[in-house]
Amino acid sequence: MTTALQIGFIPLIDAAALIVAVEKGFTGAEGLDVTLVREVSWSNVRDKLNVGLFDAAHLLAMVPVASSLGLGHIKVPLVVPLNLSLNGNAITVSPALDASIMAEIDGERLDPMATARALSRVVAARRRNGSEPLTFGMTFPFSTHNYQLRFWMAAGGVDPDEDIRLVVLPPPFMVGSIASGQVDGFCVGAPWNSIAVDGGVGRILHFGSDIMQRAAEKVLATRQQWAEKNPQSLAGLVRAVFRAAEFVEAAPNHNEVARILARPEYIGVDADVILRTLQGRLKIDPDGTIRESDRYMLLAREDASMPDPIQAAWLYAQMVRWRQTAFSPEALKLAQSVFRPDLYEAAFGRDSTRQIASKAIGAFAGPAFDPNHIEAHFGAFRVGQAAREWR
Amino acid sequence: MGTESSPKIAIVDESPIRAAILEEGLREAGFTDVVRIDEMQSLLSRIYALDPDVIVIDLENPSRDVLEQMFQVSRAVRRPIAMFVDQSDAASIQASVDAGVSAYIVDGLKKERLKPILDLCISRFNAFSKLQDELDRAKSALEDRKVIERAKGILMRLKGLTEDEAYVLLRSTAMREKKKIGEIAQSILTASELLK
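Top line first, the protein sequences correspond to chains G and F. Count along the first sequence starting at 1, add 354, and that's the number in the working numbering. Count along the second sequence starting at 1, add 613, and that's the number in the working numbering.
Keep in mind the hints are simulated off the structure, nothing from the lab. Quick caveat, the model's predicted, so the values are computed rather than measured. Possibly wrong hints are sitting among the right ones.
[Stated by the list, open to error] Chain F residues, not near chain G, derived (Cβ > 10 Å throughout):
id, residue
1, ASP651
2, ARG677
3, ASP678
4, SER715
[To be verified] So, partial list: chain G residues that the calculated Cβ filter (under 10 Å) puts toward chain F:
id, residue
5, LEU390
6, VAL391
7, SER397
8, LYS402
9, GLY406
10, HIS427
11, VAL522
12, PHE527
13, SER531
14, SER534
15, ASN584
16, GLN586
17, ALA589
18, GLY590
For each residue, glycine too, the CB sits at the ideal point set by N, CA and C.
Construct the complete structure from the given sequences, taking the supplied hints into account.
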């Protein structure tokens, strides 16, 4: 007997495991007949999951937490039984802003603290000579992009709410917006940074992994109620997507995966651009400079697919830091409970009650993040609304 | 409803026909203050300049995520907006998502006042999809007719048939193969291209 599932996704490379799970028959082998539905906005994916048009979805890591807390939207409890990707974002700036930052930099260009301090000097100089504030794009208020961009610049002393403009832009509009000068930089997932570089309108300043070594980026989400009613389907889906994630990461499969993802019904961009992302070999400068990183995007390796509650806690802390919500210990607990390593472990027949050790976030600034001492996190930073209130 | 009490409604839709249908419906219902936005590049600044009470956006529009920014408390946002319905009104959410439209109310407007606007948008959106379906069907019927005409011409030429005989041949083949006449006609065109 097969079970039909509707799963929503946004055309991004971090949907790879989900797409390949269907295309290579991993879901079929679990008795699941999955229809993938391509969407144009995170709001749509969230709403269609919430009202039950989708059984599961490719979502920004923080959206299930926001939905479960009822932030900015109706309250629908969601759960995350599998993490679709860690990292995968990059911060891209216009060639002009890149030149300004490099003129001010004191240190290595790959050191985010050095670039953030340089940015702070650029911002101060612009204020002195009466220029318009810089504008940065990100994809959604509750997105790792938003928090990584803010974390990075705040570490250098730039207040993202006061010193610059931060705007939401749909990922497909990023490249056009930096080309037309509407934004000076952005933080977005693959393939859009590479497309800006290929178009000669942007330079990749940082990989997301420069900001944080492990950052939950996209997750597989379902309604809590659905997960409770359909444990078999859920477990089958988790296994299928995990196997697909391993398939995607295996080097001999990169070409095939890139061709699948490149198809118009999925991502619809050049297979070569996708291949570079899968290999972690990105062209970061229009002049052809390549930067390699084995941390650019993690799908299955290093336990990337296990939903780790510390990630939810870090993201929640960012919501508080940037005043998207007021802190409460209950909400912190609830945020962590949305990420469900127990459901993940159960899918593989492993003991789901054992304590699973969280892996470090590894942010480039501040003390090691500990959800049990969240005040230390806020107290460590100078910039940010919560930072002021907590000191 | 007088002009004074009519809330300002911004329709964000890249489909000019659908936006026009929506605007007309709203005006007929007495909502006289309606503005259409079809330029997405500067959406947020347009909205700030208009300062509407209600924003209606179609779900095919990637710029929906841009509007989500307006939920935030920040300096950039003058009047925060809220989702269109109460937590309790799940049916409205379902109906609007099904219809492909979403509405937001800007701080200050009473939620009860949004309900008739949203209901109207849902019915107009549904009417538009029906119209679109009919149009698509009519278009494909027209396409079929053209293809059939050309296939008939080929059959008449190659087999020395009259027009009626050519049509009968197409129809009987379609019935035998359980296909549409248009499909049979298309395969004749394809074959004749290949054999050229």
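Hints, verified against the model:
Interface exclusion of ASP651(F) from chain G stands, the closest Cβ pair being 15 Å apart, more than 10 Å. Annotated as non-interface, ARG677(F) brings its C-beta within 10 Å of a C-beta of chain G; the closest such distance is 4 Å. Distance to chain G contradicts ASP678(F) as a non-interface residue, since its nearest Cβ pair spans about 5 Å, not more than 10 Å. Distance check on SER715(F): its Cβ comes as close as 7 Å (rounded) to a Cβ of chain G, failing to clear the 10 Å threshold; non-interface status is violated.
Among the interface hints, the one on LEU390(G) is violated; its C-beta lies about 17 Å from the nearest C-beta in chain F, farther than the 10 Å criterion. Taking 10 Å as the C-beta cut-off, the interface hint given for VAL391(G) is violated, the closest approach to chain F being about 12 Å. Nearest Cβ of chain F to the Cβ of SER397(G): about 4 Å, under the 10 Å cut. The hint holds. Interface hint at LYS402(G): satisfied, since its Cβ lies 6 Å from the closest Cβ of chain F, which is below the 10 Å cut-off.
The restraint placing GLY406(G) at the interface with chain F holds, with a minimum CB-CB distance near 8 Å, inside the 10 Å limit. Nearest Cβ of chain F to the Cβ of HIS427(G): about 5 Å, under the 10 Å cut. The hint holds. Taking 10 Å as the C-beta contact cut-off toward chain F, the hint placing VAL522(G) at the interface holds, the least distance being around 4 Å. Proximity of PHE527(G) to chain F holds as hinted, the smallest CB-CB distance being about 7 Å (cut-off 10 Å).
Contact between SER531(G) and chain F, as hinted, is supported at the beta carbon level, the nearest pair being about 8 Å apart and thus within 10 Å. With 10 Å as the threshold, the beta carbon of SER534(G) comes within range of chain F, its nearest partner Cβ sitting at about 8 Å, so the hint holds. The restraint placing ASN584(G) at the interface with chain F is violated, with a minimum CB-CB distance near 20 Å, outside the 10 Å limit. The interface hint given for GLN586(G) is violated, since its Cβ lies 26 Å from the closest Cβ of chain F, which is over the 10 Å cut-off.
The beta carbon of ALA589(G) comes no nearer than 28 Å to any beta carbon in chain F, farther than 10 Å, and the hint placing it at the interface is violated. For GLY590(G), the interface hint is violated, the least distance from its beta-carbon to any beta-carbon of chain F being 27 Å, above 10 Å.
In this structure, the earlier hints numbered 2, 3, 4, 5, 6, 15, 16, 17, 18 are contradicted, and the remaining ones agree with it.
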